[in-house]
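Each chain sits in its own coordinate frame; assemble them with the hints.
If you read the protein sequences in the order shown, they are chains E and G.
Read in the numbering used here, the first sequence has 224 at position 224, and its numbers run on one by one without any break.
Count along the second sequence from 1, then add 397; that gives the number in the numbering used here.
A hint or two may mislead.
[Claimed, not checked] Quick list of in silico lysine-lysine cross-link-like pairs, BS3-like style, CA-CA up to 27 Å: (1) K476(G) x K344(E); (2) K77(E) x K476(G); (3) K330(E) x K128(E); (4) K51(E) x K192(E); (5) K192(E) x K476(G); (6) K476(G) x K377(E); (7) K183(E) x K476(G); (8) K344(E) x K76(E); (9) K344(E) x K181(E); (10) K52(E) x K476(G); (11) K181(E) x K76(E); (12) K77(E) x K192(E); (13) K181(E) x K476(G); (14) K192(E) x K377(E); (15) K476(G) x K330(E); (16) K476(G) x K76(E); (17) K462(G) x K414(G); (18) K344(E) x K377(E); (19) K330(E) x K344(E); (20) K77(E) x K183(E); (21) K344(E) x K328(E); (22) K181(E) x K369(E); (23) K181(E) x K377(E); (24) K76(E) x K192(E); (25) K377(E) x K128(E); (26) K328(E) x K476(G); (27) K51(E) x K183(E); (28) K344(E) x K192(E).
None of these hints come from the bench; they were simulated from the model.
All figures in this text were calculated on a predicted structure; none of them were measured in a lab.
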Amino acid sequence: MGSGIFRTFSVAFDFLALNTTTLNPVVFGFMSQWVSFIVVVGLVLFLSIPKKMDGRNLPLGFRLDPDFGRIRFLPKKPMMYLIAAGFFAGISTTTYYFMIGSTNASSVLPYGQLVIVYLLIADLFAEKDTPTIIEIQCITSILLGVLLVGVTPGGFDLGTLALVLIPMNISSAFVTFYQRKAKRYELRSGLKVDSLNIRLWSLLVLNLTFSILALVLVPPQNWNSMTITFLPLLGFMIGSAVATFLSLVFYVRALGRGSMSVVNSLSSISVVLGIPLTLIGNLIIPGAFGEISADTFLWMLRVFGVILVVIGVIALQAADVRSIVTIKVKRQTGDILPALFDIKGVESASAVAGLHDYILSIKSRSLGKTRSNILRKIQTIPEVSEVETMVILREFR
Amino acid sequence: MSDTVQAYILMTVEIGKTDEVLTELRKIDEAVRVSVTTGGYDIIVLIEVPDLEGLYNITIHRIHKIPGIYETTTAVVEKMISV
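Bound-form chain G, shown alone (with noise of 0.2 Å):
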């Protein structure tokens, strides 16, 4: 069983610069999935850190200072169930 923290970081984007913040969060090792969807959002992000300590570093320090983020919402996964 792995012992990780999963959390969902959903994001908006300003008007234009999805690609550049793609690109940027295409660098992040522990993004697992990174999704452009319709709706309220514009990016979804599902991070994999080890714990919440990775979990502030990979949100303060990396995805945080990415330009373009207008903003996010972090949910951590309490528990998850896939396939």
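Chain E with its partners taken away, still in its complex shape (with noise of 0.2 Å):
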């Protein structure tokens, strides 16, 4: 919740800045972006300090990620992840800051939700795979949920909703694939790339794209009142970049915790919180979180959209069936323990010692996939012997 929360208040000092100023909202987007590069670069130097814990010497960002040693340069293929994730980044972030110069905060705070249906939609495609109904309720609930939260008195705002839809949410989709990627390779073994290097190197390549796409995108005259403006809104762009980074250090750390399932349903509270905080915000400020209708059917409408939303989030995230399996291998068999990792849906796959060889950790959306796309898998590989899948009743953390 708390990830959701400093969310929450990353997009209100963006709201805050731009409508206490005539600026371009690209503009200030571009001034913002690299004051965020400069304080995520500060915070990770201060997170290399090492300091005695547990009686070895660590870095203080161990406690956020145990993978984390210091700032470092990654090897050539996970860069060339996160080179491809921070350019989607640039491109999700540019559109950002067009339509919040447009919007108020109860609308982007769940435009950001769809990226969930692109993923699950590109990995039907990928896996080849039927949808269950379930997943077919929450792309509905989510996409109607959407466009409801987008209705202006005027009808849709298609100009919004258009750059929602393509540019956005897409290249976000493309961005949470790199970074899975980046995050799933192993440096040696046992080391695998940690969140804040992951955040670092991205946010580069993000902020050089957007640059560049803000430079050619926004007429020059825009750019001339920057230089007036930067220290009166430097306050906020700090504010939004220290929120953004504690939202994801408390995203990460919860993952430490608990399923991502449980913790992308809390930090969905980020959607509900918008329009309490753009209600209320404008009651104290006017003005400072956006236009607002005096439209009460306006704004019920918009109430339905969030919660069918923040509906179609949870009850994704918690249709999730896991498992443990555990594997005997043949005779004479070498390591397998990667070729396991690498199906889609094991979570954690542990070579062990004792009665058996490797024991695996599985989510997939229902039982039948969880045959269909993991457990078959398994089978195919010519090394194993035997197979036992035990269904997770309940689990706790």
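Pasting the structure below:
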């Protein structure tokens, strides 16, 4: 929930800054993104400071991510993934700043949840899989919710919707895809790429991409007021950067304690907070969080839209079926651990001592998909001799 | 990188004792995940301890003393890859 709350604060700072100035939103975004990069570099450098913990010299950032050591250049493959992630994040961020100039905070936060639908559809295509009923219901709920959130007195804001449906969320889906690939890369045995370096390097490429797009898309005269507005807006930009960083930190910490499904469900609180933020914020500082209509029917539609989005997100996450699979292999078998972990749906793969050779933790959308997408692939590995699947009825972390 | 020792403890439980066993297992800080499952085992616990001595302490002095556990199998993790 902390992650969701800080994400809301981050958006709040952006809106507050933009509505206290006549600065072009993309120009503001240009300044804000580079301030954010400086803040992140400072924070990661601070987190690199070693401290005695559990009798060992470990960086402060170890508590956030045990894979973190210090700021580092990554090997070619994860770096390429992060460059790709940063490039698509740049496109998504450009769209975000175009959008926040013409809408209000209660709309922006739900729009970001649409990426879940794109990721789901991409997974279905990649696996040549048919969707389950719950997946269809959730996709429909989130799509309808986003449409309702975007209603205006004149009907649907097609321009904003087009920005949301196409560049913003498609790019966000690619960002998630490439960041996942980077996170799964093993630097050496037992050490994976840490989330702090992922954030730092993808943010650098994001800023470079965003800067190029901003220079091309924004007319030159809009840049003139940048120097005079920088200092007055610096506080908002630092606030937004810190809130974004804390949102990511809370997210990573929550993932260490709970399942991704629970974490994603709870962090979707940001969708709900958008409406009170807009209404209460505008009561305190009129106009600070975007133009709001006095039409109560319109607000009812937006509330219904938010509810549909949240229900879609939570239902999708709650529908997951998790299982533990124990595997025995044939004699004279080499290491099949990487092959097992490469199977989509495998959350963790362990080589173990004892009665079993490998223990997997797997996740799928239904029992049927557990069999068709995961177990069947395990059984096609020639070295596998015995497989036992134990469906998790309840789990505590 | 974490230098801890992880182990799966797969256990079968006496009929009707699952809730009591779960309550006791959840009190163990080193129990990172406690899962109630179908199949050959009733409860599977993933524990994380600093070293093998810690594993010994948890299994012998804590888990084996929980009433209601019928049988345990400990599988020490040699290597884990996770998301």
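Against the earlier hints, flag every one the structure doesn't satisfy and list their numbers going up. When the structure is compared with the hints, only number 3 turns out to be violated.
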